[in-house]
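Could you put the whole structure together from the sequences, leaning on the hints where they help?
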Amino acid sequence: MTTKGQNVSTTDVIDPILFRQVMGQYPTGVTVITAMGTNDQALGMVVGTFSSVSLNPPLVCFMPTRGAGAWKALQESGDRFCVNVLSESQDDTCRTIASRWSDRFEGIGYSLSPGGQPVIHGAVAYIDCVLHAIHEAGDHDIVVCRVDSLGVLSTAYPLLFFRGGYGAFEPQTLTTRDSAIREQLELVTPCRGVMEELARQSDSEVSAMLRDGDQIVLAAAAGRSTAAAVPTRVGQRLPFGPPMGSLDAAFGGPEAEEEWLSAPAGNSRPREENAATLERVRNRGYAIAFGHDAHGSVERITAQLARRDPSVTIETLQDALREFDQSYNRDIEPGESVELRYINAPVFLPDGSLAFGLTLWGPPGSVDGSQVQRHVDSALAAAARCTEILAQQGATQ
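Position 311 of the sequence shown, counting from 1, maps to 312 under my numbering, and the rest follow consecutively.
Hints listed in this document are in silico derivations from the structure and should not be mistaken for laboratory results. Remember, it's a predicted structure, so these values are computed and weren't measured experimentally. Where hints are given, some of them may not hold.
Said to hold, decoys possible - Taking CB as the label site, the calculated pair distances span: (1) Q22 with E324: 56 to 64 Å; (2) V131 with D378: 36 to 44 Å; (3) Q42 with A138: 41 to 49 Å; (4) G166 with L306: 19 to 27 Å; (5) D378 with P351: 22 to 30 Å; (6) N57 with G79: 21 to 29 Å; (7) G254 with R285: 14 to 22 Å; (8) G286 with E137: 43 to 51 Å; (9) G117 with R309: 21 to 29 Å; (10) P351 with F170: 31 to 39 Å.
Beta carbons: idealized from backbone N, C-alpha and C, even for Gly.
So, in structure tokens, the structure goes:
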């Protein structure tokens with residue numbers, strides 16, 4: 002049964018205060034639109050009116066106040082911008098950029114996107130774009146941009162603006178597992194700058210891998226690998242069992258090693274062979290993988306399973322893992338060229354326990370042994386620096 006309510010009164014002139022109050026009942030995400038100025042100074046503008054527009058072609062838009070100083074500076078910098086999706090812990094960053102008239106990025110860390118625009122450290126995601134069109138709409142502009150590149154940088158929750166304040170969204174479907182990952186991500190955050198620098202030096206992707214019970218999770222990333230088989234690796238989950246997760250099994254203590262060796266989702270090798278693999282990882286001080294196609298299949302199948310694609314099963318994944326296992330943690334023969342998939346180096350807490358695995362993804366194509374060693378040295382140096390940072394902060398897990 003439907004009953005009619007009272008007619009809602011309207012007026013010809015909408016009270017601006019009432020307008021803001023009503024619009025404030027609708028939560029919005031918080032982004033910072035960035036660009037590099039003509040004097041190589043980072044520019045930024047906080048925007049709550051950002052949205053996707055089109056998938057084909059890929060278009061996004063944001064709606065700044067026409068004539069605003071920050072928007073004018075961005076326009077004068079050129080036609081390329083980067084949208085930074087802020088994380089829930091970046092309300093101070095948001096307020097700082099919004100309140101300053103100049104030097105908005107003083108004390109705020111950032112690296113450059115593939116398009117050369119500032120990506121704020123700690124952001125959840127970035128979208129590199131080029132100006133497509135500007136439409137006037139009242140006292141605002143509707144700025145439509147074409148997406149050139151984009152990426153997810155962290156599994157942290159985004160910052161929201163609601164009823165005049167900043168906060169975060171806590172989904173009711175949040176699991177205990179997801180909560181544990183969020184706590185472990187706090188160990189990765191101080192190391193963000195090191196990951197960004199390694200990604201720039203290697204012109205590749207650098208990831209943080211965490212163990213979460215019977216799974217390995219790729220929880221944060223910097224840079225972008227041209228050899229990636231999926232749009233983003235952040236959020237990928239793989240079974241903790243031979244061959245995956247050897248770094249956590251090797252450096253995670255006796256209990257982790259036993260769980261790994263006894264895992265049902267394994268490679269079917271005899272226990273003593275898998276135990277020998279862990280000893281090899283400990284002696285080397287890192288885990289290493291070869292073969293872009295073999296691991297790419299694991300990535301694609303994992304993504305399909307996450308989407309509940311009926312064409313793949315757990316057995317399909319296990320078959321792919323067994324194939325990948327043939328080139329995982331093996332030795333390189335003298336003069337051999339290999340496809341370096343990744344190097345996984347341990348980052349330790351002050352008490353000597355494993356914090357996370359820092360993963361440097363290899364370049365496309367083949368490399369020789371000396372090139373592999375340079376990548377190994379870079380990954381180990383970055384992991385050691387992260388260990389120092391956690392020690393200085395007295396981090397615990």
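Against the structure, the hints come out as follows:
no., hint, verdict
1, Q22 with E324: 56 to 64 Å, "holds, 60 Å"
2, V131 with D378: 36 to 44 Å, "holds, 37 Å"
3, Q42 with A138: 41 to 49 Å, "violated, 29 Å"
4, G166 with L306: 19 to 27 Å, "violated, 39 Å"
5, D378 with P351: 22 to 30 Å, "holds, 24 Å"
6, N57 with G79: 21 to 29 Å, "holds, 26 Å"
7, G254 with R285: 14 to 22 Å, "holds, 18 Å"
8, G286 with E137: 43 to 51 Å, "violated, 60 Å"
9, G117 with R309: 21 to 29 Å, "violated, 38 Å"
10, P351 with F170: 31 to 39 Å, "holds, 33 Å"
Checked against the numbered hints above, the structure breaks hints 3, 4, 8 and 9 and satisfies the rest.
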